[in-house]
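Protein sequence lines, in the order shown, are assigned to chains A and B.
Residue 4 is where the first sequence starts when you use the numbering used here, and the numbers rise one by one after that.
Residue 4 is where the second sequence starts when you use the numbering used here, and the numbers rise one by one after that.
Just so you know, not all the hints are guaranteed correct.
SDA-like cross-link-like pairs, simulated, lysine to any residue; straight-line CA separation at most 25 Å [stated by the list, open to error]:
#1 A:K193 <-> B:A71
#2 A:K193 <-> B:P159
#3 B:K193 <-> A:K193
If you only want the chain A side, here are some residues facing chain B, beta carbon under 10 Å, derived [to be verified]:
#4 F81
#5 H101
#6 I169
Pair by pair, the computed Cβ-Cβ distance ranges are [said to hold, decoys possible]:
#7 A:V201 <-> B:T148: 22 to 28 Å
#8 A:R206 <-> B:P162: 19 to 25 Å
#9 B:G397 <-> A:K290: 30 to 36 Å
To be clear, the hints were calculated from the coordinates, so they are not data collected in a lab.
Glycine residues also receive a C-beta, built at the ideal position from the N, C-alpha and C atoms.
There are 2 protein chains.
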Amino acid sequence: MTTPVTFASAHSWVDSASAPGCDFSLDNLPFCAFESASGEVCLGVGIGDLVFNLRQGVACTSLSMLPAIIKTASAASFLNELMLCGAERIHALRCGLHALFAATASKDDIATARPLLSPISTTRFCLPVDIGNYTDFYASIHHATNVGRLFRPDQPLLPNYKFVPIGYHGRASSIQVSGTAVTRPSGQLKAPDTAAPVYAPCRQLDYEIEMGAYIGVGNPLGHTIPIEHASQHIFGLSLLNDWSARDIQSWEYQPLGPFLSKSFMTTVSPWVVPAEALAPYRVAVAKRPPDDPEPLPYLSESEDAKAAYDIQVEVHLLTQAMRAAGLPPRKLTAGNAKDLYWSFAQMVTHHASNGCNLMPGDLIGSGTISGQAETSSGSLLELTRRGSMPLQLGDGESRTFLEDGDEVIFRGFCERPGLPRIGFGECRGMIQPPHGGGAA
Amino acid sequence: MTTPVTFASAHSWVDSASAPGCDFSLDNLPFCAFESASGEVCLGVGIGDLVFNLRQGVACTSLSMLPAIIKTASAASFLNELMLCGAERIHALRCGLHALFAATASKDDIATARPLLSPISTTRFCLPVDIGNYTDFYASIHHATNVGRLFRPDQPLLPNYKFVPIGYHGRASSIQVSGTAVTRPSGQLKAPDTAAPVYAPCRQLDYEIEMGAYIGVGNPLGHTIPIEHASQHIFGLSLLNDWSARDIQSWEYQPLGPFLSKSFMTTVSPWVVPAEALAPYRVAVAKRPPDDPEPLPYLSESEDAKAAYDIQVEVHLLTQAMRAAGLPPRKLTAGNAKDLYWSFAQMVTHHASNGCNLMPGDLIGSGTISGQAETSSGSLLELTRRGSMPLQLGDGESRTFLEDGDEVIFRGFCERPGLPRIGFGECRGMIQPPHGGGAA
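Construct the complete structure from the given sequences, taking the supplied hints into account.
Here it is, written out as structure tokens:
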């Protein structure tokens, strides 16, 4: 495979693509799936504040030379077929899209493309990928330490953490696209001072801000993925909200891990930002403190690999009261994916290290992205010390955990002087009471 | 939905269906998928020692009156479309198949069906279901206690066990059909007396005998499944081998549960025995000891529900040495699924109790089926006390865990005087060394 290539920065004839703070510049060209005006689910590409219908768009001259396999895959309703085409063919597709939307595009191409663009603001997005398998990791040492301290003050970090990229199988069926309402789950809750649990609506509903990596080309069962090839298996990245019911979790999770505390729903952003677009923002993984063990050889990456992603992530909260008062969402925290202890490449290699077959469209969550500072804690569990220190929202409200009507909004972007901004859009979800009534 | 109906016992014109010890009598009619002579993957039905091509078989007169949805679903390569047809339509299909294979069938029907039968012994089976999501439970209290005793002698059973049907998300992509070779996984192994783990081939490879339940009709996201409806969501049952790498597991599993110790492979039997065929073998769940808490109301079933299955399960082992000497497999243990502490109905209701959407084709493993007696321990971990008491195989060999060349064979069947035998066939897997050599 070739090394990902980025484009020389250029202007687009789509004016909004060059606006300051625009997530979807000509260098990004993220993929999505959406419901077209005729009601069919199509693949799309983001440019400025518009979405381009890729299914119909392959008719444009700039895309006409693409291999048939790409054209066929572009007509699907999920990205999976594109994902298994491999980095070189995706590069070819992106080159065609870049030519099509660059200011230098032919009049003919612009004329063909223009009617295939529609405003993002009124688009109904669909899940972009048919996610066969979902695995959630625990790659932030700050998150693992913060959470561990709440549950095991004497041993916040377990002995395996610095050797094993800890992860668990998640539930694929309940992954939904941004904007889908989150029904408050019910489950077994047990107070420390009672003998038996009760089945009731969750009282400690939380978010976790994560990045999700989608697998492109997979590996056959029984074979592994060497660390130096791992990045090539990553098709692209999205924002991910690993909604968590803390009270259900603390009672159910021994000895086999989180289950119903997570499987009620997981939200992903509509946009899959191609790995290639993120290449300029790849940085070396932070050096481990001198007392930490080096990764085992099968997980050991050279610094040149630049396996970390410099992605800024933000959590915003819009409560029902804020909405009623016409207030904007309040920013709670901001973190960065480069602070993860384990890179996505290490997660991929570890995942396949037992011969487990990764498949095109599989989703790998990073685990909650928390930094060292409290202002970068990626969950309310950490921010409010398991509910013991309510968070003041500035409008007179406070929160320990999420309430019905709360909307959680994640944003993510790469930004550095001299480089084009690469944004991830938003990942949103609003809490609604359980079906059959009974707010928590 | 109607209550499952069983057939009045009858003879079949397929002689082998009435042979003593036959798994696939006229009352069973289990489903499978197989590669036909022309190389296409077809759905099939087991009768005696033969498999019937269901795709072509819908042309038989006895099946001609079936609704179009059943005929279309019968032409698929996986059972999923049939699974979502619901119990009534599956009952209609089974009535048609029963009429077709009964001794009373018309000469015409027999003439049409006969060329569509082929010997099971030479059939190449495929995975019968496109398994979207796989969840593995831990429903045997004997297994949980045995394993707990090895790892936590002072507290074998955790406080949540008698309240929560404990389960975790498993890996769907690596589920394979019986007969697929099992590549010995590698992973991080850490001896108690070393500071750091090594990455090496697993040395404590084990099996776990389980029953798997396939979901038929599912539930929408955010909605639950009341316990009194849970059984109706179960399409059928299979044998399941939850291969486990014990040394990988003991190092990786804290705090998020088993991951790579399981995901290298899971084996299912080719045959899915319809829930309807098992109705005569449904029995009341064993009464809980008086000191045990009653299940919470949402998991509470009446005795009339007969939510347990009286299924006998056996583990057999065929080593390379036995094979070379022409010896038959050796029976290691025998257990019964009715000894489970939690019923499949309770697992289904618990799984959906947070609103998690179960989907047609989802697989639910029971967890290792162990009884109170040592002769019914469902894993080598239990049988050999984590390898401390080697098992003598009778031919001069012994085992602590599985060795390369060992073939593990599960059998399962329902049998009671006055009732037709309902068998599950076999679930087999042979251990092979890691790719790139390096036997453990």
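Hey, does the H101 (chain A) contact hint survive, CB to chain B under 10 Å? violated (34 Å)
Taking 25 Å as the top limit, are the C-alpha atoms of K193 (chain B) and K193 (chain A) close enough? Violated - the C-alpha atoms of K193 (chain A) and K193 (chain B) are around 35 Å apart, more than 25 Å.
Cβ-Cβ distance between R206 (chain A) and P162 (chain B): within 19 to 25 Å? holds (20 Å)
Confirm or reject the claim that V201 (chain A) and T148 (chain B) have a C-beta distance inside 22 to 28 Å. About 26 Å separates the Cβ atoms of V201 (chain A) and T148 (chain B), which means 22 to 28 Å holds.
Are the Cα atoms of K193 (chain A) and P159 (chain B) separated by 25 Å or less? Holds, because 20 Å separates the two Cα atoms, which is no more than 25 Å.
Agreement of hint F81 (chain A) with chain B interface, Cβ distance less than 10 Å: violated (14 Å)
Hint validity - I169 (chain A) Cβ closer than 10 Å to any chain B Cβ: Holds. Min distance 6 Å.
Is the hinted pair K193 (chain A) and A71 (chain B) satisfied, with a Cα-Cα distance of at most 25 Å? Status violated; Cα separation ~50 Å.
Given a hinted range of 30 to 36 Å, is it respected by the beta-carbon distance of G397 (chain B) and K290 (chain A)? For K290 (chain A) against G397 (chain B), whose Cβ atoms are near 57 Å apart, the range 30 to 36 Å is violated.
When the structure is compared with the earlier hints, violations turn up for hints 1, 3, 4, 5, 9 and for no others.
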